[in-house]
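Asks: Throw the hints in and build the complete structure from the sequences for me.
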Amino acid sequence: MTVVNRIDFDFLRVTFCGVRGSTPAPGHLFAKYGGNTSCVAITPADAEDPTLVLDAGTGLNRFSQDLEGRPFRGSILLGHLHWDHTHGLPFFPAGDNADASVTLYQPEQGDPLQVLEKVIAPPHFPITAKQLRGKWSFRSLEAGKHEIEGFSVQALDIPHAGGRTFGYRVSDGISTVAYLSDHGPIAFGEGPNGDGVFHEAACELAADADLLIHDAQYTKNEFPSRAHFGHSTIDYAIELGTRAGAAKVVLFHHDPSRTDDQIDAIVAVNQHHNVRVIAAAEGLSLDLRNRHHHTQAGAA
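Just so you know, we're using the numbering used here here: the sequence shown kicks off at 24 and counts up by one.
I should point out that these hints are in silico values taken from the structure, not numbers from a laboratory.
All figures in this text were calculated on a predicted structure; none of them were measured in a lab.
Careful, some of the hints might be misleading.
What the hints assert, rightly or not - Quick list of in silico lysine-lysine cross-link-like pairs, DSSO-like style, CA-CA up to 27 Å:
#1 LYS168 - LYS55
#2 LYS243 - LYS271
#3 LYS158 - LYS168
#4 LYS153 - LYS141
#5 LYS271 - LYS55
#6 LYS243 - LYS55
#7 LYS158 - LYS141
Claimed, not checked - Pair ranges (Cβ atoms, derived):
#8 ARG266 - PRO145: 24 to 30 Å
#9 GLN285 - GLU91: 29 to 35 Å
#10 ARG249 - ALA121: 41 to 47 Å
#11 GLY217 - ARG312: 20 to 26 Å
#12 GLN285 - GLN137: 36 to 42 Å
#13 ASP231 - HIS51: 35 to 41 Å
Built from N, CA and C at the ideal position, the CB exists for glycine as well.
Replies: Have a look at this one:
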């Protein structure tokens with residue numbers, strides 16, 4: 024992400040800081056798309072820095088580097104609490120900072136700090152989340168519509184193995200981003216294509232979105248032996264975007280074994296759809312001007 028003076032800009036910016044699922048993927052085979060786990064930063068129109076972050080995977084460290092020493096002041100929305108979506112929290116210099124001010128939201132399932140400390144606390148980690156420096160607030164979020172950092176945020180339950188999971192729809196009143204990072208629709212049945220049902224919550228979150236950022240962890244051939252892991256196929260993500268009228272589908276939560284060459288090939292064979300298909304990559308920024316005009320900046 025190239026930081027520029029955005030005071031006169033009138034568009035929302037979405038920057039990908041971590042795009043992998045399950046576990047980080049280091050090495051030269053993954054250098055183009057990146058090996059950090061889920062983290063997406065959203066910068067409002069007329070703002071220099073992001074104020075809303077979706078998930079707190081290891082990409083949070085990359086996000087801190089992008090801020091170039093400035094503290095983070097804003098909110099983080101966790102889709103769920105699996106390791107690949109929380110591991111970045113104690114390795115987040117922009118948030119673990121005396122001048123930071125962070126509100127962390129997670130799907131309601133009890134006291135938010137106690138739930139988080141099942142992931143970050145001794146003996147599994149040296150400190151607890153409440154020992155992070157700066158001003159931190161930990162909140163539970165119920166399904167429904169909320170106002171967070173000036174955005175309209177809709178949170179809906181979506182199926183994913185191993186704990187309550189939200190998909191999010193974020194809008195500034197002009198542009199809309201749908202975020203379903205971990206989505207196992209096969210839990211509701213095979214659906215028309217064997218990849219899962221196009222259920223009400225998924226369709227509502229994705230409807231007419233400028234960007235649909237969606238779990239695309241498995242190929243059609245991989246899916247039969249891995250469907251119980253709670254993720255989606257690439258085909259499902261694209262078909263959901265097509266059905267929902269999204270302008271662009273961003274394939275996300277890449278399997279940690281998926282090499283750059285393999286992702287390139289997946290994108291190449293999926294350019295015939297009515298919806299535009301791209302793959303999320305660390306450092307990729309998408310500027311959303313309006314429903315039919317998108318520009319790209321800072322592509323990795």
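Asks: Compare the structure with each hint and give your call.
Replies: Verification of the supplied hints:
1. LYS168 - LYS55: Violated - the C-alpha atoms of LYS55 and LYS168 are around 36 Å apart, more than 27 Å.
2. LYS243 - LYS271: Holds - the C-alpha atoms of LYS271 and LYS243 are around 21 Å apart, at most 27 Å.
3. LYS158 - LYS168: 25 Å, holds
4. LYS153 - LYS141: 13 Å, holds
5. LYS271 - LYS55: 21 Å, holds
6. LYS243 - LYS55: 23 Å, holds
7. LYS158 - LYS141: Given that 27 Å is the threshold and the Cα spacing comes to 21 Å, the pair holds.
8. ARG266 - PRO145: 24 to 30 Å: Given about 47 Å between the Cβ atoms, the range is violated.
9. GLN285 - GLU91: 29 to 35 Å: Since GLN285 and GLU91 have Cβ atoms about 33 Å apart, the given range 29 to 35 Å holds.
10. ARG249 - ALA121: 41 to 47 Å: 44 Å, holds
11. GLY217 - ARG312: 20 to 26 Å: With Cβ atoms ~37 Å apart, the hint is violated.
12. GLN285 - GLN137: 36 to 42 Å: Taking Cβ atoms as reference, GLN285 and GLN137 lie about 40 Å apart, which means the hint holds.
13. ASP231 - HIS51: 35 to 41 Å: 39 Å, holds
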